[in-house]
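Protein sequence lines correspond, in order, to chains A and B. In this text, residue positions in the first sequence follow the working numbering: the first is 1, and each later residue adds one. In this text, residue positions in the second sequence follow the working numbering: the first is 1001, and each later residue adds one.
Quick caveat, the hints were computed from the structure, so don't treat them as lab data. Keep in mind that a hint or two might mislead.
[Said to hold, decoys possible] Simulated crosslink set (BS3-like; lysine-lysine; CA at most 30 angstroms straight-line):
(1) A/K98 to B/K1246
(2) A/K119 to B/K1137
(3) B/K1208 to A/K98
(4) B/K1208 to A/K119
(5) A/K98 to B/K1209
(6) B/K1135 to B/K1166
(7) A/K144 to B/K1137
(8) A/K146 to B/K1017
[To be verified] Now the in silico label distances, taken between C-beta atoms and shown as ranges:
(9) A/D62 to B/T1441: 51 to 59 angstroms
(10) A/A75 to B/E1078: 28 to 36 angstroms
(11) A/Q153 to B/E1254: 56 to 64 angstroms
(12) A/A75 to B/D1029: 20 to 28 angstroms
(13) A/K119 to B/R1211: 14 to 22 angstroms
(14) B/T1441 to A/P78: 39 to 47 angstroms
(15) B/R1087 to A/K119: 22 to 30 angstroms
(16) A/A75 to B/R1087: 26 to 34 angstroms
(17) A/P78 to B/D1012: 41 to 49 angstroms
(18) B/E1109 to A/Q153: 32 to 40 angstroms
[Said to hold, decoys possible] Reference listing, derived: stretches of chain B covered by chain A, where coverage requires no fewer than 3 residues with Cβ under 8 angstroms from a Cβ of chain A:
(19) 1101-1114
(20) 1438-1448
Where a beta carbon is used, it is the ideal one built from N, C-alpha and C, also for glycine.
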Amino acid sequence: MVIVKRKELSLAEKLYLPEVLRGLSVTFRKMFEPKVTRQYPEEPLPKTEVTRGQPRLVVNEDDAIACVSCGLCEAACPAYAITIDGGETDRAIEREPKRFDIDMLRCILCGFCEEACPKDAIYMSDELELADYSREALIYDIEKLKRPKAALQKRIDYVNRINKRWQTPSST
Amino acid sequence: MVKITVNGRVVDADPTKPLIKACHDNDVDVPMYCYHPGLSPVGSCRICQVEVKQGEAPGRVVVACRTQPAEGMVVDTESPKAHATRRECLEFLLKNHPLDCPICDKAGECDLQDFTYEEGQAQGRSHEPRRPLEKRKSLGEVIVLDEERCILCSRCVRFFEEVPKKAQLTVSDLGSRSVISTFMDRPLSGNYQGNIADLCPVGALTLKKFRFQARVWNLVKMASTCVECSRGCSIQVETLRGSDVKRFRPRPNEQVNGWWMCDHGRFAFDHANAAGRLEGARMLEGTQLVQTPIEEALCAVRDALMGSKGGLVVLSPFCTVEEGRALRELAQRHQAEIAYVSPPPSALKDELLHTGDPCPNRRGLEELGIRGEAGETLTARLAAAKVGLIAGERVVELLGPERVRELPGTLALFAFECHPVASRALRAEVGIANHVERTGTVVNVDGIRGPLAAAKPAPRGVRALERHLQDLARLSPRRETAVR
Chain A
1 MVIVKRKELS LAEKLYLPEV LRGLSVTFRK MFEPKVTRQY PEEPLPKTEV TRGQPRLVVN
61 EDDAIACVSC GLCEAACPAY AITIDGGETD RAIEREPKRF DIDMLRCILC GFCEEACPKD
121 AIYMSDELEL ADYSREALIY DIEKLKRPKA ALQKRIDYVN RINKRWQTPS ST
Chain B
1001 MVKITVNGRV VDADPTKPLI KACHDNDVDV PMYCYHPGLS PVGSCRICQV EVKQGEAPGR
1061 VVVACRTQPA EGMVVDTESP KAHATRRECL EFLLKNHPLD CPICDKAGEC DLQDFTYEEG
1121 QAQGRSHEPR RPLEKRKSLG EVIVLDEERC ILCSRCVRFF EEVPKKAQLT VSDLGSRSVI
1181 STFMDRPLSG NYQGNIADLC PVGALTLKKF RFQARVWNLV KMASTCVECS RGCSIQVETL
1241 RGSDVKRFRP RPNEQVNGWW MCDHGRFAFD HANAAGRLEG ARMLEGTQLV QTPIEEALCA
1301 VRDALMGSKG GLVVLSPFCT VEEGRALREL AQRHQAEIAY VSPPPSALKD ELLHTGDPCP
1361 NRRGLEELGI RGEAGETLTA RLAAAKVGLI AGERVVELLG PERVRELPGT LALFAFECHP
1421 VASRALRAEV GIANHVERTG TVVNVDGIRG PLAAAKPAPR GVRALERHLQ DLARLSPRRE
1481 TAVR
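One chain only, chain A, in its complex shape (with noise of 0.2 angstroms):
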């Protein structure tokens, strides 16, 4: 067994009061410093060109969608977010996808796609919000993912930057 002794309090101990006002005074200090959190939903994240948000499709200025299904993001895609069907379409370009959906449950925003893509159609935005009342309301189609190139391009312009460094001298 063993006998723990208990300190002897003083009388400012016991009173609590001045500890009382420590505390406060932290309190009453920090409300005259500028303030570090962020009111989320109303005030938006900072995002930068290096964030990188959910796939979003290019659309040209031209009003044509800058995807022609090929389907390489579909095959980079680890997490089988993507399910493409592709169809004919008079302009020069012959194809073009009649359904692209992104499962944006499933999509863990690694940017493969966006790597993959050899037609530059597909880009992380920097949307990052993602809530629903059901599963299906966040299979997201094709409606859905269209952007117009402009709203992209701080993305698009990173990326090509970032791209450069890798290419060698002679693929230029």
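We have chain A already, so just place chain B on it with the hints.
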């Protein structure tokens, strides 16, 4: 047979066949575009060049498809000299080949793509623009030609000259302006056009029906047999995401179809993909057909067959040997008569492959002792019978839907069909799997057995006929003779 050395290995080679065949037979990979084992060699693409030494002379680079093996030949397919020559040829072939693999249907099964990848030539040295040609040239009902992609191997030209023996394509114009075209720009005709899309080593000739339908690496391929005529061509069933059959393609089989198949069989997948399937089982209650458990419907079939002497079992000629045998046993067990529907020959008969007989397993059923009768005779016999059982894919279609509808109410008709049966006599119907959803064997006109493969799952609640018949046998009391 002569003895030659291929990459340091002594092998037997047939001197009447080109050297490339000896290489391929011995698992030595030699690239090829213009050579095809089913066509005569021309040596126009020059990609199959290998180094050959004979006697004391220094090694020479020759095209393997136009060289005949000779005794003592020493072949090296991987020598630096051979590689360098092949790479140069490849560079010329790629000179005008557009970089449109992302939209090309051949990507993934393209010989040019594979070999370019193998050789690792990532960058071209050419500065001139590629020649612009027509990208979407229709060659009739089946084929669309992309002139830019064509490498002028002339396989398609030789195919029409040598296999259906009716030349329809030619290389027109000269030099760098050469293109494949039909005579006088007439559309292609005949029942064998689809083969040139398989033959084409690049994506120049593609099928209109398969155009942009699927990426080939997403297709699940199963070896099966065509059921459109009694030739029973060996085919490959290719399905996308376990649901739709996207194409049938011939599988090389020298005994039956060589490398080819007819367009009639090639495009017969609409039937395999047809919607409105009969799922589970339905039984007549009052005047309405209602969904019932399969077991109950099978019991009804058993009870009806047991209660009557002299029922009639009618098979579809699409039934496999296994199904035929099970149905014959069922008929014997209940002293019922058995016959299969034998539709009249079609007008598609030709000298090459199509036999004109639409029954894929006629020989297999005949070997089981089941006789074929015309649809009219069989419906007449059914109308006179008390109990009738019709079983198999498309059996109603072959009996005549009108005649089946008008069968009298005195007959108790039971059906195993893929699609709902409309008949006044119908008592119960059970859904069965079609020819791309079940396994089995069919025997072709020459007695060669071909397998059916389950390339895709059957719809929910649908099982193969064989499974239903097994259950039916389990439910039926055994014959007394079998008990001993």
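Tested hints:
For a cut-off of 30 angstroms, the pair hint linking A/K98 to B/K1246 stands: about 16 angstroms separates their Cα positions. Restraint check for A/K119 and B/K1137: the C-alpha separation of about 24 angstroms stays at or below 30 angstroms, so the hint holds. Taking the CA atoms of B/K1208 and A/K98, the gap is about 17 angstroms. The hint holds against a cut of 30 angstroms. The straight-line distance between the Cα atoms of B/K1208 and A/K119 is roughly 24 angstroms, inside the 30 angstroms bound, and the hint therefore holds.
Proposed proximity of A/K98 and B/K1209 is supported: the alpha carbons are some 16 angstroms apart, at most 30 angstroms. A distance of roughly 26 angstroms separates the Cα atoms of B/K1135 and B/K1166; the hinted pair therefore holds under the 30 angstroms criterion. Between A/K144 and B/K1137, the direct Cα distance comes to roughly 35 angstroms. Violation of the 30 angstroms bound is thereby established for this hinted pair. For the proposed pair A/K146 and B/K1017, the alpha carbon gap of about 56 angstroms is over 30 angstroms, so the pair is violated.
Here the CB-CB span from A/D62 to B/T1441 is close to 56 angstroms, well matched to the stated 51 to 59 angstroms. Checked against the hint of 28 to 36 angstroms, the C-beta distance between A/A75 and B/E1078 comes to roughly 30 angstroms, which is consistent with it. Look at A/Q153 against B/E1254: about 59 angstroms separates their beta carbons, and that is inside 56 to 64 angstroms. For the hinted restraint 20 to 28 angstroms between A/A75 and B/D1029, the CB-CB distance of approximately 24 angstroms keeps it satisfied.
Distance hint for A/K119 and B/R1211: a CB-CB separation of about 19 angstroms, consistent with the stated range 14 to 22 angstroms. Between B/T1441 and A/P78 the beta carbons are some 41 angstroms apart, a value that agrees with the proposed interval 39 to 47 angstroms. Under the hint 22 to 30 angstroms, the C-beta atoms of B/R1087 and A/K119, about 28 angstroms apart, fit the expected range. The hint said 26 to 34 angstroms for the Cβ distance between A/A75 and B/R1087, and at roughly 28 angstroms that hint holds.
About 48 angstroms separates the C-beta atoms of A/P78 and B/D1012, a value consistent with the hinted range of 41 to 49 angstroms. For B/E1109 and A/Q153, the Cβ-Cβ distance of about 37 angstroms falls inside the hinted range of 32 to 40 angstroms, so the restraint holds. Closer than 8 angstroms: that is the beta-carbon criterion, and the region 1101-1114 of chain B has 4 residues meeting it against chain A, so the requirement of 3 holds. Closer than 8 angstroms: that is the beta-carbon criterion, and the region 1438-1448 of chain B has 0 residues meeting it against chain A, so the requirement of 3 is violated.
Hint compliance for this structure: hints 7, 8, 20 are not met, and every other hint is.
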